[in-house]
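Turn these sequences into a full structure, and let the hints steer you where they fit.
Protein sequences appear in the order of chains A and B. What the first sequence shows, in my numbering, is residues 1 to 422, in sequence order. What the second sequence shows, in my numbering, is residues 1 to 801, in sequence order.
Keep in mind the hints are simulated off the structure, nothing from the lab. Watch out, some of these pointers could steer you wrong.
No farther apart than 27 Å at their CA atoms in a straight line, the calculated lysine-lysine pairs in the DSSO-like style are these [unchecked claim]:
hint, chain 1, residue 1, chain 2, residue 2
1, A, Lys122, B, Lys405
2, B, Lys743, A, Lys80
3, B, Lys659, B, Lys138
4, A, Lys338, B, Lys588
5, A, Lys120, B, Lys743
6, A, Lys80, A, Lys400
7, B, Lys743, A, Lys82
8, B, Lys380, B, Lys76
9, B, Lys47, B, Lys104
10, B, Lys126, B, Lys104
11, A, Lys170, B, Lys405
12, A, Lys338, B, Lys530
13, B, Lys743, A, Lys122
14, B, Lys530, A, Lys185
15, B, Lys715, B, Lys137
16, B, Lys530, A, Lys305
The model shown is predicted, which means the values in this text are computed figures rather than measured ones.
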Amino acid sequence: MLKFLKRSSLTAIAGLAFFIAACTSCSKDNSATECENCNTGNNGSGPQTGAGAFTVASWTADLQYVASVPSLTSGSLTFKGKGLEANGSRYIWHKQYVYLMNLPMKRFIQYEMGVDGSLKEKAYILTDGVVPNYFQSLNIVNDNTMLVLGALEANSGTVGWARINLTEFKVEAKGTMAVPYDAAKPSVNYAVGRGFVDNGKFIVGGYFYNSATAAYDVDGVRALVYDYPAMTNMRVIKTNATAGGVGYDYLSSLTTDEEGNHYFVASAGKFWTGTGGKSGVVRIKKGAAEFDPDYFLDVTTPLGKQACLMGINYVSNGIAIGSIQYEEMMTSVRDRLKDVGQLVKLDLRNKTATLINTPLSPVAMVRSPLVYGGKYYTSISPVGADAAIYEVDPASGSFKRGLALDGGGSVSVQLIAPHPGK
Amino acid sequence: MQFKKIFLTAILLALFSCCYAQTASKILLTGRVTDTAGTALAGATVKLIGSGKQTITDVNGNFTLSQLAPGTYKLKVSIIGYLVGEQEVLLQNGSPKQLVVQLKERRHDLQTVNVQGLTVVQATRKQPFAVTVIDAKKIAERDVDINRLLDGQSGIRVQESGGLGSEFNYSIHGLSGKAVKFFVDGIPMESFGKSFSINNFSANVIDRIEVYKGVNPVELGGDALGGAINLITRSDVKNYLDLSHSYGSFNTNRSAISGKWRHRSGFTLQTNSFYNYSDNNYQVWGPTVEVAGEDGRPIPGFPRFRRFNDDYRSYTVKADIGFTNVGWADQLLVGITKADQHRGIQTGRTMAYVYGDVRYREDFLMPSVRYSKRGFIDPKLNIDAYASYNKLNGTTIDTGSYKYKWNGETFDSRVNGELGGIRSPAKTIYTFNDRTTLGRLNLSYALAQQQRLNFNYTLNNTSRSGSDAISTAEWAIPFRLPQDMSKQVAGLSYEAIVLNDRFTNTIFVKHFSYHAKASVYDYNNGSQSKELFYRDTRDDAWGLGYAGKFAFDGQYLLKFSAENTTRLPEALELLGDGSTILNSSSLKPEKSTNINLSLHKTFGWGARRLQASVGTFFRNTRNLIWLGESDLMGTARYENLDQVRTMGAELELNYAHNKWLEVSANTTYQDIRNRQRFEPNGAMSIVYNDRLRNIPYLLANGEIRVYLDQALHLKNKFTFYTNTHFVQRYYLGWPSLGAADTKLVIPTQFVQDAGLSYALQQSRYSISLACRNLFDRQVFDNYLLQKPGRFFSLKLRYLIQ
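This is the structure:
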């Protein structure tokens, strides 16, 4: 009896604690728009005005460098004698922190962006504590929590996950979750993508690749749904709007609007998670755990040249900016680093796509562009020409050159993030 | 292929026709001049009194007098620094004569020994090429690591990834990797695998090591571009047996046996064999040697862990049978070499990637035949012909289902193999089978007393097949198809010595050609998915060079050498290794213009001697072949770097005080710049003209040797030595990029070694004690790959002569 009372009271306390925690955090869990002063989307969130500086991360000559600049619209940035040598592979920013996956050291590092423009390593987590290799997919699921995913045994249906408490920067829970696996097709490998938490579900994208045929294994558009935070009850959801992968893990391939609707990039390119079909945007409505069957924003048809949508960043009022690469100009996936990319204005409400005629460049490979102060910022680094951060006005689709990047096409910007304001 | 067959047939014909060729000549007198220790003496004058014939011994101490009439003569051999040797010689029809002449050192004439009395080592040093020669006989008692020994020479840097048997990379004057070629007795070792490797040799099976920097003589053959290291095994005149065993830290055992038995008929048996084993379980610590706690944060304090999957075992048995120093051949030896290796692989590209079950094993078998003869057909013609066929099988075993932590524990979750970086892993048990035909022909012809022509031809043909019963990895697909590679290098040199032996000139021309058929799994003409197909690559190039030396009044020696040369891709670079190095079918040959200039001077004060040399070097290398960045810390492939320019200087000092003290020191500075203007994607390179990353630029070494037996007038040989190595820290990334205080570095190395050796009964028995890395410093040659700490060893040696 005593044991029963003790167990019941413990259960009650735990339940109460869970209830309080859920109440205080569900608003942040369920919609990024309810996160005060947050950007929308999963590639970063933080202050939207008054930034004292900006951090720019770039791959330059085989290694990765991170440096801060006072402005994105003027001046110049060189990594000659400047910047942290960071060896990054996956990037995300949230509040005043930039997080970076350092591969040679297998460390997931937290850098603090100072008001004064400083950038300092604060702490790190060893990925070995969660997955054997690295955190492949980084997802801010609420103001204080990041959910990271990494393959354990990619070919046999298991992915490792960890929930990181960002305040203390430590792993607060970890485990494994099932992913699709067909023992009859052992060469088909699921690559985990980006995901979001809404209404007690974690919904994550990804793509399937068959190493035996060296081609993407495509069956409509598929995503996976789990109970959150348990990460159990895996379920595959699907739309036949097009055929390709969604939510590519290291690109800005998932975003959320003011209403809490979630938009995945569906890449159907033959060189990028599909078979050469129509690429565009698919939607999962707020609170739902299925694709919106009536929603597909076709980008390939209006832009032509086998345009494959690669990235998306929501700005406001139904407008998002996307990045595309023209597969007609490519002979293999390696050509994505050549001048084959441009930007596109996406009207998510009216399902229209309008080309933003920026100079051709590998812009689709900028992993984490920035939406800040109602403007969109990315790097345009044409091969053999001057490179710069460009500012795009989402309303008009106009753009202008800003911060010049020393090194031209040899500089491949990966992340742009704002420092906290003074 | 047709040419190859003709060439091999020609070698065989040469081998079997040699004895017939000799029957037509008159009596031939050949021999070798050595000191009492058996060391060959070059430059000795050999006179056959009464015949009107005389000659000078070559760099190996050998001489030939031909066209002699029967009769009794007096042979007189003289060289400064040694007592004159005289002996009666009876020459009869049909019986060519073979002699060994030993000269005793002239004790009261020590001050002039270095002027004329050249040993082979000294004679090699006097070549016009930029060359360093290590006399291994002087260190035979030591438990010496060849990599460490060579690392102490000027202009040479050896980077190792771990302990005994680990991967290593030689750099000579800034050119590294396969640009530095290894030879054993003049035969290129590039197809011999990892078991029969330079660092596995024990010091007491080696006679000497020659290191050519940048410009290489035609005789060596091959396509060495950055330099050549020629390891000469013992070929003592006398019969001998040399046994040694050493035991050291980390359960390191090294055994060697070297011996020769020659019957008076010339029948000869000889061997140079060795065995190496180590647990390599040395301690590592610091960044990346970390274990996570439950919260993912590292357990604080950087605890130390022992390596647990780094054991290494290898052996090589090399045996020769045949005839030596007979009338029809200086040597006709049929040999067999068997080598084997088995080792654990502990880490990936950094120590953050810990492997617990990955293994590599290799076996190598090579029959060979070698024929050499001075005065072949014509007294002025020397021949050295070699042919071998080898089978090399290597297997990478990555079948583990667990990932390991540094404390030896495994993660709960299972994985599918450990290699492959962070990409989707796949178990593998890939075996490659190489079949290599190697042929080398060297002909030397004396046009006149001071003029010589040298022709060298080397053929290397490798066929590779591979199999993997379990791998599903995409990158492993091309390795399953057979691949072929064939290389041919031919060279011709002309040497003339003028101005009373003061001015030596050598000009040479080389031709390189190769043909490769490599399998490729890649996008082909815009295909959506990758396809498997063959890529045929052919290329050829010419090289031209000059080497000269000029002696100013016997005081200064000026050396100059220049070469425009080519290096063809090796099998590893072109065909990959099946595990972490992918094949690279589009590789272009590496080309370089190499220039060396040096000045040498010897100062003498009584019994003290100081040799000083200062040199400068220049390299302009196109299509440098280097191992590119790994793909997600897993597989990597060799790539061409458009252009690299190297300039540098070195200083070397050697001081000897009487016979009891020797001090040597050297320092090298090299400035290696990236001259590639464009990135692979066509963009202008931001690091154009930057110093090449991940390569040291300032090196220094020093050593003190004290011969205590000479100093204290002891009967038995008693030696103490200590040395130090210094390497200035250098950046992993491009030096110009990033803030200096945040850059990733390979830290400064400053390491000391010391040892004592004691030999008694004229070196019949010896014992030596050595300590490497005396102060147990944490040492890195590569980024985050720690080398062993303090290492003690004890070596016992038994020598019968």
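Notebook entry, point to check: Checked against the structure, which of the hints given earlier come out wrong?
Noted result: none
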